Amino acid sequence: MKPPASPPFLARNSYRLRRLMDAARFLPVFGFVLMLLPLMREDPATGTGSAASEWAYLFAVWLVLILATALMARGLRKAFDPPKAPDPARKD
Amino acid sequence: MSFNLLVLTCLAYVALLFAVASLAERSAEEGRAGWLRSPLVYTLSLSVYCTAWTFYGAVGYAARSGLEFMTIYLGPTLVFVGWWVILRKLVRIGRENRVTSIADFISSRYGKSNLLGVIVTVLCISAGTPYIALQLQSIAQSFTVFVTDLDTAPVAGDRTLIALWVAIGLAFFTIVFGTRNLDANEQHHGVVTAIALEAVVKLVALLAVGVFVVWGVAGGPADILARIDAQALPDWQIQPGRWTGLILLSAIAIITLPRMFQVLVVENVDDKHLATASWAFPAYLFAISLFVLPIAALGMELMPAGSNPDMFVMTLPLALGRDDLALLAFLGGFSAATSMVIVASLALATMVSNHIVVPLWLALRAANGQDTGNMRLLVLNVRRLSISIVLGFGYLYYVMSGGSEALAAIGLIAFVGMAQTLPALLGALFWRGASRTGAALGLISGAALWAYTLLLPSFGPGVVLPAHVMADGLFGLPWLRPYSLFGLTTLDPLLHALFWSLLVNVLAFCIGSFLSFPSPIERVQGALFVNVYDRPGPARSWSRPMAQAEDLLPVAQRIIGVKSAQAFFQAQAEGQGKAGFLPDITPEFLEALELKLAGSVGAATAHAMIAQSAGTAVVSVEDLMAVASETAQIMEYSSQLEAKSEELTRTARKLREANDKLRKLSVQKDAFLSQISHELRTPMTSIRAFSEIMMEADSLSPEEQAHFAQVIHDESIRLTRLLDDLLDLSVLEHGQVQLDVAPANLRKLLDQAVTSSKSVQANRMFRIIRSRDDEEIMVTTDGGRLTQVFINILSNARKYCTAETPEIYIQVRQMQDMIEIDFTDNGAGIPTESQALIFEKFARLTDSLHAGGAGLGLAICREIMQKLGGDIIYVPGQGGASFRVSFPRVLAARAPRREAAE
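Chains as they are written, first to last, in our numbering: chain B, 1 to 92; chain F, 93 to 994.
These are computed hints drawn from the structure, not numbers from a lab.
Among the hints, a few may not be true.
Here are the computed distance ranges between Cβ atoms for each label pair [stated by the list, open to error]: (1) Leu595(F) - Leu39(B): 56 to 64 Å; (2) Val491(F) - Leu67(B): 45 to 53 Å; (3) Val33(B) - Ser218(F): 21 to 29 Å; (4) Asp362(F) - Tyr15(B): 44 to 52 Å; (5) Val491(F) - Ala56(B): 37 to 45 Å; (6) Gly261(F) - Val33(B): 18 to 26 Å.
Lysine to aspartate or glutamate pairs mimicking EDC-like chemistry, simulated, CA-CA at most 20 Å apart [what the hints assert, rightly or not]: (7) Lys746(F) - Glu734(F); (8) Lys181(F) - Asp22(B); (9) Lys891(F) - Asp914(F); (10) Lys78(B) - Asp363(F); (11) Lys850(F) - Asp806(F); (12) Lys850(F) - Glu896(F); (13) Lys655(F) - Glu121(F); (14) Lys364(F) - Glu42(B); (15) Lys850(F) - Glu899(F); (16) Lys78(B) - Asp626(F); (17) Lys204(F) - Glu188(F); (18) Lys78(B) - Asp362(F); (19) Lys840(F) - Asp914(F).
All values derive from a computational prediction rather than experimental measurement.
By construction, the Cβ of each residue, glycine as well, lies at the ideal position given by its N, Cα and C atoms.
Same shape as in the complex, but just chain F:
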């Protein structure tokens, strides 16, 4: 077939795709999308799994390795057969959270972390770009195989040029239908419909070739089975490791490949479609792989040795003179390649723009303090640019790899790369404890190992990894050889890489999750994802509308553009039977508006925006977080205030206490001063009076003079004694007293005291009862001070004992190291209510001048006894006043009590 005719056919086919896609878009816009949303279209769109690698490569794969090619389809079959376990939940969560890509899914689950979004995006790009290059290669290759007039059409021989034109054409198609609008849920009806059509084309093409081979060339099923067995090579023997590993790998890939995620989750419009796809998609895979082995077997039998088995689908009908079938096969391969490239570049571009370019752009604008402006045009342009970049990368990769054989293996290599997202993805679905840190660690370590053990070596030694690294390992360490890490030499490179990367990935993911503590938003998202079935229907709803339509219109205009926002509002108003641009704010309207906004700025942002404008009862997690953090700040502030006020209260209380104390002290001081002045004034008054009398001495007799002088003398002695006492008390109270500790005989001390006290009211006869034997105790203490106390007690007894025949009974007891001495008289004693007062200063029960004391005696006694390590107490109920003096027999060198207090 001539090159020009082939190109014309391709263009016609592409024109058909354009027509179908735009028809679908128009139907969707006019709300007649019913048939577009059928389970059939959904199932057919899933066939982007079958790329040109499937279409051409599967036959080649079968020719080289026999049945092993089937693993690529058996794995996905298992996943769809088990749709109830994983896919149902994945799709449900994806739809409820308006997920736009696999990167968005993972970042959204782990606390809307953009870091994870970036990691997954980079991983998808590095795995997806070579895959796109592979599709470009296969299209270019099929051109050169088909064209018969290579010499007259020089372009046909230049595969690079063909690949370039194909890449440009596909970029154009993807931009036109993939970024036509930023509609709700990131769904593209035109693209999906075109993909569905292409799915039919490639299936029909392969089935047609297969039917032709089985019934047209061979003699039916029995014959073909015999021919298969005849062609079997030793290499066809199933290898258990690869067989099992590849089934698992392809099962993982059907979930994690970005393009599969796009059609499976993002473009899904109804959960129920999955119920149909669960058997219909395996049936599609069944049909598309049914004739692969027969075609391969016949190709090997009939084609000349050395011909490329990858092209048997086309070359076999060509060789057998069926150009029409070959053209159909060509179109089938073309469909397979283009559909993959379109969906993959769309999915990758969404990730690149949502997770890398737009956040960067917004950060830059925000850093420059600029308004974010019209988001709609920005996002669309970024999307367009990203598509071009992704396809450009694919083309560059193709050119640089030179269409080498290395590309053929890239399909499985990409599978292993994307499999690195599996732990994070399954953790997102089933494990609430999975954390952002764990996911990031797992993804990074898994991707690094994948790159080192599979991706980089796949270019061949010396291209990216130096040959010596391949042979001897990194840094010359043999256990770091890319194809046999830690000496695992028996696995083939693919399984080796799959094993190590997933093992380390899962390990890092688990350990990271065990050891880290997720943020609140992460935990909320985790619960939202894992327990998705605990809530009937979408969780968010607008229950209490409060905003005005006027408030919402500007918001919408900024995001989706002035014209379309106004059109949307007008349409909504019309739907409610109103004229003008402002519909009533019903929950339905708010939901529709949020859905509309979500397509351009993401679900969470749209929800937050409307929540802000509408002030509704239901708000997003971010809002709650913002509110919570503000509340936390306020609470912290108020708790600080509270702490401060508590401190103030404490201080105030202390101050009050101190004040009270001061006031008490002041009162005491005043009382003391008034007492002192009273005590001083009384003798002073008599001294003054008598001295004035004596100044008029001439009228006085010498006896009178002597008497008055005697009074003055007595009063001055009293004054002196009072001042001495005061001084004594002051010295004692301030602890400046020096004790003169020395051994002494207690009896002698008592004798001395009794003698000294006789001068008080010397005219009264006291009977003093003592037991001298008990008193024979040697004490070590300040004898002078002790005697002072005894004298004071005895003098008081003499002064106040009212009995007719007064008696004083002195009783000495020795108890261990303490000595107790009771002084008991037979007087009236001290009334109970006064007993507490007698040791206070100036406490004199009968304020009689005749007592001759200042009322300081017992206060001084108590101070002395405390200095001597003992005490003096009043013992009630002894038939009179009874004082008990107690003190240690041997006083330590220094008085302990005062020392401790100072």
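With the rest of the complex left out, here is chain B:
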């Protein structure tokens, strides 16, 4: 089943929506990498990480992820609306 050929150029809105979808796919990967950073950090004096500062760091990353997702979700909602002529929900 071959999807009908996508138009080579998109209207500005559809283009933005598709890049937003790309961003939504990348976000968890970035988030995962950021969550792994505490593994590579330690206090040179004690040889261990500081629990309190890592705690603060992780919650900060967490907050950033939540805010970024909330912002993106506003834009991505459009994709749920009944598709018009060129289906914006289709992958490019």
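Fit chain F to the known structure of chain B by using the hints.
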């Protein structure tokens, strides 16, 4: 706080839940479910992820291992942040296919295979039951922690008894609100609303305790950070393997846990809610884990050594004299435990009834030849029974494990167990080539490894797995030790089990899929799932209504019950502005009816039923499959018929050919016989005539007598010759002739022939031109037969050559092993149109009695020459009749041509 007061509080709280749930159910029934279907309620219902294990256990976990507790929430956060990739598709497919559970999802994707449904159900039960037991334990434990008058209230000290009452109460609640009706899409508004309320309670409770700890006890955020660092233990050091592994594991769990699947996919009413939940649920997790570490740190600092860190959420406010906060925390923990138990038992009961009990029941009924009867009551009762059984299992597990420490680890163990469904689930979403065989192999092998390396050993050595197996491995093989399979000793048991089980699972899944060939329905389902976005909106729709409402009403009555079916039809008719029970059959009505039926008998069955009754243009895959298989049977039958008729045609053709041949032979035979009789009659007639004359001998002169006797004699010789010829031909044709092969001189043979032929028309003078040198050839053949052929040719020439001064030219040529002899006369030759006939029997061009032959001569010649390995042909255009005789100089002992033919 006194035990009785605590119980009273609990009862009041539960009464509140009942009130909220029934209010929600009533609103939903009256169609005022708008606020129930808001994204907020959906997001809050997702918080069943946070169980009592989260509520109490997270603080304990933080106290023991530091930041590691966060992995349990970071993983789900990643999945929701990446909702666009997996969750969106999962929810969309689940809603479009009216999936009722994770087992239903997987079985539906892999060709509606009930085998897979059973496997996943069993896996969910074995992973879920201990988890339910854990919740019962934590409730019982929190009771005993809270109650101050242990001595006066003996029940309070008996955790088993408390757990029993809690289990009964929860079963009651779940049955009341979980099996109230068999409504469309397996959605339970009452339960979801109650869960949402509980989500608020547990969040508020934990936040309240946290705020109290940070700002009431400690001196604000800076102070608490310092205290955290002061309390840090060496164990708090983050272990890279566990950190990464647990983030991944919890990310898997948020998708695969049955209760999460229930609230995430099954109870979802609108795809768009996911867009809100994508950030709101991580925010909820963020809030609920924000104060975990501060509470743990302060608990470790302030509480006496040896106190159970799992209970810090309650014991810390109690110790600091804040009974109100402690009560709130108690209710929070209670909420966390009950919401998990309710949703989990509901999800498990749905699986048990849909994939195990109902199919068994129907199979038994069908085997006994009984009608399936009223399905509605059956399904509801099975559902109720299943809920009781699941909770009973949970309680039994709790009692048997004795509330041991082993239970504490059961959360992560269950995660690993449910993670076994991940390959099949992701394959269902993204890989069209994933097959049923692969999924079953992967699930079974993964689950077996999980059980052997994690679940069974978790009970401790000697409980399920004997101690010697734990220490020395199965059958005494060290590389089969449960905690270090194949010598992998550096991983901790959880990661070890996760690694091995998922590795083998994925491997079996892939190899099984590579090597098997999916059934058509499996491939259709695969395409339907993987390419879900290629179709705008639900694929099925009722386009051409043809059934009568009277036909549909009995069907509906049997499934959803007489009363509610009639009510539904009446309501639909009213909606269309009609009175009575029979609405017009509009596509909307059919869709509504199908949705209604789907809640009790499953989507596919409902669709097939309506398709059967309505006879619409759009039918389900099963219908198509049934039709296709029938068509295939018919086609096979007709192709068999076709083959048979072809065979008959062939036979008939053969028969016709044989018949034609026979007819030809018969004609030939008739012609032959008439020829023979003609040939025999002519001489016989003269013999008879002359002999009759001679009987009146007295009137004849002796000369006349002699003449007549001469005629009779001649005619009898002719007869004899004819009979000889016939015999000769017959012998030659049937290959019974014996050749007398011997060396001979060709010239002598020709001399003999020329001499013999002189008796024919002896009065004519023939000039015979020969080259005797050429004729000096020694041949090895049947000289007598060859001479017979020569005589025949020469006699014919003498008979038929019409020239004034007849000549016969005999020319001999030797070509390699073949000898060619041309006999050419100077007569008129044979007309072209007759040349083909001369070698046939009785072919005599001029039927003259005087020719004295029967017309068999050349036919005999040809037979002889073929016996001698050669041939005789007529050579046209030589100025007269010309026959060419060819034969091998040396004849092999036996004639090859006839032999080959026989």
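Hints, verified against the model:
Remark: the range hint 56 to 64 Å for Leu595(F) to Leu39(B) is contradicted by a beta-carbon distance near 22 Å. The hint said 45 to 53 Å for the Cβ distance between Val491(F) and Leu67(B), and at roughly 47 Å that hint holds. About 35 Å separates the C-beta atoms of Val33(B) and Ser218(F), a value inconsistent with the hinted range of 21 to 29 Å. Range check, Asp362(F) to Tyr15(B): about 27 Å between beta-carbon atoms, so the 44 to 52 Å window is missed.
A beta carbon spacing of about 43 Å between Val491(F) and Ala56(B) agrees with the range 37 to 45 Å that was offered as a hint. Roughly 46 Å separates the CB atoms of Gly261(F) and Val33(B), a value that falls outside the hinted 18 to 26 Å. About 18 Å separates the Cα atoms of Lys746(F) and Glu734(F), which keeps this hinted pair within 20 Å; it holds. For the proposed pair Lys181(F) and Asp22(B), the alpha carbon gap of about 15 Å is at most 20 Å, so the pair holds.
Among the hinted pairs, Lys891(F) with Asp914(F) is consistent with the structure: their alpha-carbon atoms are about 18 Å apart, no more than 20 Å. As the CA atoms of Lys78(B) and Asp363(F) are separated by approximately 12 Å, the hinted pair is consistent with the 20 Å bound. The hinted pair formed by Lys850(F) and Asp806(F) meets the criterion: a straight-line CA distance of about 18 Å does not exceed 20 Å. Simply put, Lys850(F) and Glu896(F) have alpha-carbon atoms about 17 Å apart, close enough for the 20 Å limit, and the pair holds.
Distance hint between Lys655(F) and Glu121(F) is fulfilled; the C-alpha atoms sit about 15 Å from each other, no more than 20 Å. At most 20 Å may separate the alpha-carbon atoms for a hinted pair to count; Lys364(F) and Glu42(B) exceed this at roughly 42 Å. Taking the CA atoms of Lys850(F) and Glu899(F), the gap is near 13 Å; set against the 20 Å cutoff, the hint holds. Of the supplied pair hints, the one linking Lys78(B) and Asp626(F) holds, its CA atoms being roughly 17 Å apart against a limit of 20 Å.
Simply put, Lys204(F) and Glu188(F) have alpha-carbon atoms about 15 Å apart, close enough for the 20 Å limit, and the pair holds. Annotation: proposed proximity of Lys78(B) to Asp362(F) holds, straight-line Cα distance about 14 Å (limit 20 Å). For the hint linking Lys840(F) to Asp914(F), the alpha-carbon distance of about 17 Å falls within 20 Å, and the restraint holds.
In this structure, the hints that do not hold are numbers 1, 3, 4, 6, 14, in rising order.
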